[in-house]
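Each residue of the sequence shown is one higher than the one before, starting from 1 at the first, in the working numbering.
Simulated from the structure, these hints should not be mistaken for laboratory data. Mixed in with the good hints, there may be bad ones.
Unchecked claim - Calculated cross-link-like contacts (lysine-lysine; reagent style BS3-like; alpha-carbon spacing at most 25 Å):
no.: 1; residue 1: Lys-73; residue 2: Lys-84
no.: 2; residue 1: Lys-4; residue 2: Lys-124
no.: 3; residue 1: Lys-127; residue 2: Lys-95
no.: 4; residue 1: Lys-17; residue 2: Lys-137
no.: 5; residue 1: Lys-17; residue 2: Lys-73
no.: 6; residue 1: Lys-117; residue 2: Lys-83
no.: 7; residue 1: Lys-17; residue 2: Lys-83
no.: 8; residue 1: Lys-127; residue 2: Lys-87
no.: 9; residue 1: Lys-127; residue 2: Lys-5
no.: 10; residue 1: Lys-83; residue 2: Lys-43
no.: 11; residue 1: Lys-83; residue 2: Lys-63
no.: 12; residue 1: Lys-63; residue 2: Lys-4
no.: 13; residue 1: Lys-87; residue 2: Lys-124
no.: 14; residue 1: Lys-84; residue 2: Lys-134
no.: 15; residue 1: Lys-134; residue 2: Lys-5
no.: 16; residue 1: Lys-117; residue 2: Lys-5
no.: 17; residue 1: Lys-83; residue 2: Lys-95
no.: 18; residue 1: Lys-4; residue 2: Lys-71
no.: 19; residue 1: Lys-73; residue 2: Lys-43
no.: 20; residue 1: Lys-5; residue 2: Lys-17
no.: 21; residue 1: Lys-84; residue 2: Lys-17
no.: 22; residue 1: Lys-87; residue 2: Lys-134
no.: 23; residue 1: Lys-73; residue 2: Lys-63
no.: 24; residue 1: Lys-117; residue 2: Lys-84
no.: 25; residue 1: Lys-137; residue 2: Lys-5
no.: 26; residue 1: Lys-137; residue 2: Lys-84
no.: 27; residue 1: Lys-84; residue 2: Lys-95
no.: 28; residue 1: Lys-43; residue 2: Lys-17
no.: 29; residue 1: Lys-84; residue 2: Lys-63
no.: 30; residue 1: Lys-137; residue 2: Lys-4
no.: 31; residue 1: Lys-117; residue 2: Lys-142
Claimed, not checked - Simulated restraints on C-beta separations:
no.: 32; residue 1: Lys-137; residue 2: Val-85; range: 24 to 32 Å
no.: 33; residue 1: Val-3; residue 2: Ser-140; range: 22 to 30 Å
no.: 34; residue 1: Glu-65; residue 2: Gly-18; range: 17 to 25 Å
no.: 35; residue 1: Asn-32; residue 2: Lys-117; range: 28 to 36 Å
no.: 36; residue 1: Glu-81; residue 2: Gly-18; range: 20 to 28 Å
no.: 37; residue 1: Gly-44; residue 2: Gly-18; range: 39 to 47 Å
no.: 38; residue 1: Lys-95; residue 2: Thr-2; range: 18 to 26 Å
no.: 39; residue 1: Arg-19; residue 2: Phe-80; range: 31 to 39 Å
no.: 40; residue 1: Arg-16; residue 2: Lys-83; range: 24 to 32 Å
Please read all numbers here as calculations on a predicted model, not as lab measurements. Built from N, CA and C at the ideal position, the CB exists for glycine as well.
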Amino acid sequence: MTVKKRSAGVILFRERKGRREYLVLQYDFKSNYWGLSKGEIEKGESEEEAALREASEETGLVKVELIPPFKEKTSYFFTFEGKKVYKEVVWFLGKVRDYKEGKVSGEHTDLRWLHYKEAFTLLKFKKDRSVLEKAEKFLSGKVQYQR
């Protein structure tokens with residue numbers, strides 16, 4: 001039997017000294033990998049609300065503006081505690097309006113602001129790299145989304 005999970009995430013970015021930087025998180029699981037901010041959608045919560053809540057919980061960032069019409073979906077299978085899990089993730093793009101130092105949540109060991117190529121290289125999973133690439137193309141005006 002396959003368990004279905006739905007999550008929402010936000011690709012966080014800021015403009016600093018004329019250059020765009022993306023936030024990546026080091027997850028404190030067995031594999032200690034780098035990824036993007038995401039988490040499960042709670043009952044009664046919209047996808048956007050879940051993405052912003054997760055960003056706040058994981059990084060301490062509260063002044064994040066979602067940039068429409070960017071919205072992507074990824075999905076994958078994995079095994080957790082002997083059960084097969086199918087996970088769908090809805091991704092948004094979020095511009096950070098006010099960033100002090102941020103904080104690392106209990107499920108992470110580090111966070112870094114990196115330029116696109118550095119962030120892309122550090123991300124472990126192909127689907128994270130793919131959605132980051134789409135965000136970069138969108139922000140660079142190389143691809144457009146319909147509202």
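Consistency of the hints with the structure:
Taken as a hint, the Lys-73 and Lys-84 pair is honoured in the structure, with Cα atoms around 20 Å apart against an allowance of 25 Å. This hinted pair checks out: Lys-4 and Lys-124 have alpha carbons roughly 23 Å apart, not beyond 25 Å. Distance hint between Lys-127 and Lys-95 is fulfilled; the C-alpha atoms sit about 21 Å from each other, no more than 25 Å. Restraint check: the Cα-Cα separation between Lys-17 and Lys-137 comes to about 20 Å, which is no more than 25 Å; the hinted pair holds.
As the CA atoms of Lys-17 and Lys-73 are separated by approximately 31 Å, the hinted pair breaks the 25 Å bound. Only pairs whose Cα atoms come within 25 Å are accepted, and Lys-117 paired with Lys-83 is rejected, the gap being roughly 35 Å. Simply put, Lys-17 and Lys-83 have alpha-carbon atoms about 46 Å apart, too far for the 25 Å limit, and the pair is violated. Taken as a hint, the Lys-127 and Lys-87 pair is honoured in the structure, with Cα atoms around 12 Å apart against an allowance of 25 Å.
At most 25 Å may separate the alpha-carbon atoms for a hinted pair to count; Lys-127 and Lys-5 meet this at roughly 16 Å. Pair hint Lys-83 plus Lys-43 holds up; C-alpha atoms about 22 Å apart against a cutoff of 25 Å. Under the criterion of a C-alpha separation no larger than 25 Å, the hint pairing Lys-83 with Lys-63 is inconsistent with the structure, at around 37 Å. For the hint pairing Lys-63 with Lys-4, the CA-to-CA distance comes to about 31 Å; that exceeds 25 Å, so the pair is violated.
For the hint pairing Lys-87 with Lys-124, the CA-to-CA distance comes to about 17 Å; that is within 25 Å, so the pair holds. The suggested pairing of Lys-84 with Lys-134 is violated, with an alpha-carbon distance near 28 Å, which exceeds 25 Å. Restraint check for Lys-134 and Lys-5: the C-alpha separation of about 23 Å stays at or below 25 Å, so the hint holds. A threshold of 25 Å between alpha carbons decides the hint, and for Lys-117 with Lys-5 the separation of about 30 Å lies outside it, so the pair is violated.
Proximity of Lys-83 to Lys-95 is assessed by CA-CA distance (about 36 Å); at most 25 Å being required, the pair is judged violated. Restraint check: the Cα-Cα separation between Lys-4 and Lys-71 comes to about 20 Å, which is no more than 25 Å; the hinted pair holds. Taken as a hint, the Lys-73 and Lys-43 pair is honoured in the structure, with Cα atoms around 19 Å apart against an allowance of 25 Å. Only pairs whose Cα atoms come within 25 Å are accepted, and Lys-5 paired with Lys-17 is rejected, the gap being roughly 39 Å.
Taken as a hint, the Lys-84 and Lys-17 pair is broken in the structure, with Cα atoms around 45 Å apart against an allowance of 25 Å. Straight-line distance between C-alpha atoms of Lys-87 and Lys-134 comes to about 20 Å, which keeps the hinted pair within the 25 Å bound. For the given pair, Lys-73 sits about 24 Å from Lys-63 by alpha-carbon distance, which is consistent with the 25 Å threshold. The suggested pairing of Lys-117 with Lys-84 is violated, with an alpha-carbon distance near 33 Å, which exceeds 25 Å.
Between Lys-137 and Lys-5 the alpha-carbon distance is near 28 Å, which puts this suggested pair outside the 25 Å criterion. Proposed proximity of Lys-137 and Lys-84 is contradicted: the alpha carbons are some 33 Å apart, above 25 Å. Under the criterion of a C-alpha separation no larger than 25 Å, the hint pairing Lys-84 with Lys-95 is inconsistent with the structure, at around 34 Å. Restraint check for Lys-43 and Lys-17: not satisfied, since their Cα atoms lie roughly 40 Å apart, outside the 25 Å limit.
Restraint check for Lys-84 and Lys-63: the C-alpha separation of about 36 Å exceeds 25 Å, so the hint is violated. The suggested pairing of Lys-137 with Lys-4 is violated, with an alpha-carbon distance near 30 Å, which exceeds 25 Å. A hinted pair counts as satisfied when its Cα atoms are at most 25 Å apart, and Lys-117 with Lys-142 qualifies at roughly 16 Å. Distance hint check for Lys-137 and Val-85: the Cβ-Cβ separation is about 30 Å, which falls inside the suggested range of 24 to 32 Å.
Hint check: Val-3 to Ser-140, Cβ distance near 38 Å, so the stated range 22 to 30 Å is violated. The hinted window of 17 to 25 Å between Glu-65 and Gly-18 holds, with their beta carbons roughly 19 Å apart. Look at Asn-32 against Lys-117: about 22 Å separates their beta carbons, and that is not inside 28 to 36 Å. Distance hint check for Glu-81 and Gly-18: the Cβ-Cβ separation is about 47 Å, which falls outside the suggested range of 20 to 28 Å.
A beta carbon spacing of about 41 Å between Gly-44 and Gly-18 agrees with the range 39 to 47 Å that was offered as a hint. Evaluation of the 18 to 26 Å hint for Lys-95 and Thr-2 yields a failure: the beta carbon distance comes to about 36 Å. The given range of 31 to 39 Å is respected by Arg-19 and Phe-80, whose C-beta atoms sit roughly 38 Å from each other. Distance hint for Arg-16 and Lys-83: a CB-CB separation of about 42 Å, inconsistent with the stated range 24 to 32 Å.
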